[in-house]
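If you read the sequences in order, they're chains A and B.
If you read the first sequence in this note's numbering, its first letter stands for residue 102, the second for the next number, and so on.
If you read the second sequence in this note's numbering, its first letter stands for residue 3, the second for the next number, and so on.
Warning: the hint list may mix true and false statements.
[Stated by the list, open to error] Examples of chain B residues lying across from chain A (beta carbon under 8 Å, computed):
| # | residue |
| --- | --- |
| 1 | Ala66 |
| 2 | Phe85 |
| 3 | Ile89 |
| 4 | Leu103 |
| 5 | Ala105 |
| 6 | Met133 |
| 7 | Gln136 |
| 8 | Glu167 |
| 9 | Ile186 |
| 10 | Ala187 |
| 11 | Arg194 |
| 12 | Gln209 |
[To be verified] Every beta carbon over 10 Å from chain A, so not counted as near; a handful from chain B, in silico:
| # | residue |
| --- | --- |
| 13 | Pro161 |
| 14 | Asp177 |
| 15 | Glu191 |
| 16 | Ser200 |
| 17 | Ala300 |
| 18 | Asp306 |
To be clear, the hints were calculated from the coordinates, so they are not data collected in a lab.
Glycine included, C-beta positions come from ideal geometry on N, C-alpha and C.
Here are the chains, one letter per residue:
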Amino acid sequence: MSTEREHDGESEPGRTGTFGDYGGQYVPEALMPALQELEDAYERYVLENEDGFMDEFRERLRDFGGRPTPLQRADRLSERYDREIYLKREDLVHGGAHKLNNALGQVLLAKYMGKERIIAETGAGQHGTATAMAAAHLDMPCEIYMGRTDVNRQRPNVYRMRMNGAEVNPVEAGSGTLKEAINETMRDWATTVERTHYVIGSVVGPHPFPQMVRDFQAVIGDEARKQIREKAGRLPDSVVACAGGGSNTMGTFHAFVPDDEVDLYAVEAGGSSLEIDEDEGLAPNSATLSTGTDGVLHGAMTKLLQSGDGQIMESHSVSAGLDYAGVGPELSHLVETSRVTPASVDDEDALNGFHRLSRLEGIIPALESSHALGYLEEAHENLGDIVVVNVSGRGDKDLETVLEETEKRDLEAAPEVEVFDQ
Amino acid sequence: MSDEDRQPEGGDPRNDERGAKRPASDTDASVEYDSDVEAAIRGDHPALITYITAGDPSLEDTKASVEALDRGGSDLIELGLPFSEPIAEGSTIQAAINRALEAGTTPAGFFELVDDLETDAPLLVMTYYNMILQFGDEPDVRPFVERAAEAGLSGIIVPDLPAEEADPLREACDDNGLDLVFIIAPTTEGERLDTIMSQVSGFAYVQARLGTTGARANVSSATHDSLARLSEYDVPKAVGFGVSEGDHAAEIIEAGADGVIVGSALVDIIASSRTPEEAVDALEAKARELKRGARRGATDVAADAAEDPPETEHP
């Protein structure tokens, strides 16, 4: 890396909003005053609880969002893997995913800041849905940008956003996935920045977003850490979470980062292969932490899937929510300093993880979370006696994709496809 | 003023003190400017700065287009080095970038084009920070800046690099005699404006309105507000984002700018021309129209000035 910056520890950004070499604020000048305004608001309301912001946020998380979520012992998975497996049930948050934690925090913050309009981008549609719900709950006008490909593969979430009163703007550019949706949302923000707040959906983007989103999601790990001590009498040996941008990952890991005895595994989408086609600019995976290189995208220095020239690659995953060529800068830093171990699971093993949890535990997980469950199957022998897995969301939104992808394969964990044809 | 007059008269092209700290400007040809970029924008007042995307539709066509813009009276020419995620661009330039990338435009090819170009107007590269970082074997800004200097480029504009993150690139540019141009947005005010204006080299790129690049039908009131806010700084100011016609150029110069920057309107010409020859002719004609507009604006300013001489002391 060419840039040397200040930072003050493992997991806190330095004065310039960086985690080691990663992070920063690489955005058009027009947005810089808004980032400063947001940073000031974040420090006052979130870090210092001015006007009781955090009290109101926690109350709304409880009464509107349904927190705390359970930490459930998964009996049949524990039996299968011969160790204690605990599931953090973020699928039970209102809306069906951890995304509400952050969306509610940011929409509420925008309201405290006096902003008049909310915009957001979405990949799988979970963040868009959570933002639309939070905006309806707090009576804020809301527009969501979503790549055309994702609109087509996540129709139930598109309907849900519209039912909650949000406008959904399909983005036709490029491959029509999350990367293009983020570009378009940044353009909207650069035009309307004075009255609009951009609810970034993950621990990505310019400072203070990575730190602020992590803090809104840290409730996952805070609860899990307390719950595992109550249930198992000690901290876990391992914590496993899937990683796209990394918001459920950082939310789950944050409380455990100082616990050196707890191993942290960030499971990425291995797609169909970890090989990269440089000529075509295609990565048939979204395994940024495992295979990416350092660069600047969407406002931050982080690890990226990019060509040698610096062009960003089209990524791939069977899970729209993981399909992103970047990753949060704090996760890049934690991987670089070996505190977090990156891993990847391919599409097929993720689908098997999906079917296995559905069959064994009666929980239909999001395809994103299915990557963490696929990793459990592969790596359980190395994960110690007590393992916490974050089930970041529920899989109802993914049923069409799962049926289509399951039909193409001979999956050991899937039910017979003919069942659905009768 | 002839082209020779626009060149600095030798000596160190860089000066330790940047724009805001210098004495008031003078358009006299004997004045020694900090760089050829500053000489171009101050020396042939009012300046026309033109932008096209390199490689749109091919690097060979870009060479002819740049030469046409030079003949048409451009005082500075910005060449876009295409990046796949151009978050500051509107649909016109985004489409041009996509065409250039589909045509296989690479940084290496871009620099070979610049090696071949011989223009009166100094050339600047406009690109995103990741393209600069990735040029060498490791993420580092220096190899790009050194190659840019070797190719004869005079400056760099980076739409996603605010002053806060610019130290490494600024140092590399200073060491290689290149200007690093900063964008001033309608939202840039107060101390932040002071800080950026004290770091500007070459000229301040004044963003005419909030949003992305793209030709517009009129000049935004934000342009007038921004130029009024910047009037106390003795730094050359050029206005871009939305400028497409000679009349816009006249209005912007009359409002106090030293130059106008036109991009999307020229990219539109390239996109809509049926043959490369048609594009070249139309680009040259459009540059002349814009330059005439700018001159008309300056004439109006001169007429006003004759009645009411401007202050020479700057706060």
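Results of checking the hints against the structure:
1. Ala66: violated, 24 Å
2. Phe85: It holds, given that the least Cβ distance between B/Phe85 and chain A is near 7 Å, below 8 Å.
3. Ile89: Hint holds; B/Ile89 Cβ to chain A Cβ min 5 Å, cut 8 Å.
4. Leu103: B/Leu103 check passes; min Cβ-Cβ to chain A is 7 Å, inside 8 Å.
5. Ala105: violated, 13 Å
6. Met133: holds, 5 Å
7. Gln136: holds, 3 Å
8. Glu167: Nearest chain A Cβ about 6 Å off; hint holds.
9. Ile186: Since chain A brings a Cβ to about 7 Å from B/Ile186, closer than 8 Å, the hint holds.
10. Ala187: Because about 4 Å separates B/Ala187 from the closest Cβ in chain A, which is inside the 8 Å limit, the hint holds.
11. Arg194: holds, 7 Å
12. Gln209: holds, 6 Å
13. Pro161: violated, 6 Å
14. Asp177: holds, 14 Å
15. Glu191: The claim breaks: B/Glu191 does not keep its Cβ more than 10 Å from every Cβ of chain A (closest is about 7 Å).
16. Ser200: holds, 15 Å
17. Ala300: holds, 27 Å
18. Asp306: holds, 31 Å
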